[in-house]
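Enquirer: Sequence:
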Amino acid sequence: MADGVGLRERKKLRTRDALVRAAVRLFGDKGYDATTVAEIAAAAEVSTKTFFNYFPSKEDVLFTGFETRMDLALRLIAEREPDETPGQVLMRVGEQTLRMFATGYADLQSEPNLDLDPELAVTRNRLVTTVPALQAHYFRHVQAAQSRLAEALRQAYPDELDPISAAAVVGALVGAAQGALVTSLAETGSFDAAQAAVRRGFDIAMQGIGSVSSGA
1 MADGVGLRER KKLRTRDALV RAAVRLFGDK GYDATTVAEI AAAAEVSTKT
51 FFNYFPSKED VLFTGFETRM DLALRLIAER EPDETPGQVL MRVGEQTLRM
101 FATGYADLQS EPNLDLDPEL AVTRNRLVTT VPALQAHYFR HVQAAQSRLA
151 EALRQAYPDE LDPISAAAVV GALVGAAQGA LVTSLAETGS FDAAQAAVRR
201 GFDIAMQGIG SVSSGA
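Counting from 1, one number per residue, gives the positions in the sequence shown under UniProt numbering.
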């Protein structure tokens, strides 16, 4: 029985992956606005009804994996080492996220990972930073992520961080990572280069974080 459930779950994840990849390729070829849900479903060889079983709308396809990465980040913060500083634990979160991108999600047990395919990653990056409807969705995700990370960090370091300093620490690292990632993918189209750029962004941001303390 357990094996059967596992197989069904794998099939669902493969279908989800097929929908994501079909959508991104069609968005890149035809344009986001010109691509319909029916076309995405047909390209993935499923019905339109099946598409809506996986995604509420076509814009949500481009943000798959967000909750998986957020859950990982929140867990790492909550389980921080006693001697880790706020900056260090966020650096570890960043490194784990990069490792997830670089190695994929083991045995298709989680969300599809667009970033493993350089062509899809570049297309996705271009879409979410240039299409107005997707820009709004993207920035809502980023803002929500920063708020959740800042609250988790404040709870993890109640004697060191107040709400303002927690928000500032998270904003510095997330902003550095996002800026480096978007710029590097746009300029090089290489995920290896983007990983290096994100780490460089982290290092630059960390130079201004080390002295953060409550109320500073």
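Each hint should be verified, as a subset may be incorrect.
Once the Cα atoms are required to be at most 27 Å apart in a straight line, the calculated BS3-like pairs of lysine-lysine come out as [what the hints assert, rightly or not]:
1. K49 / K30
2. K11 / K49
3. K49 / K12
No lab work stands behind these hints, which were simulated from the structure alone.
Enquirer: Decide, hint by hint, whether the structure agrees.
Expert: Checked hints:
no. : hint      : verdict
1   : K49 / K30 : holds (22 Å)
2   : K11 / K49 : holds (16 Å)
3   : K49 / K12 : holds (14 Å)
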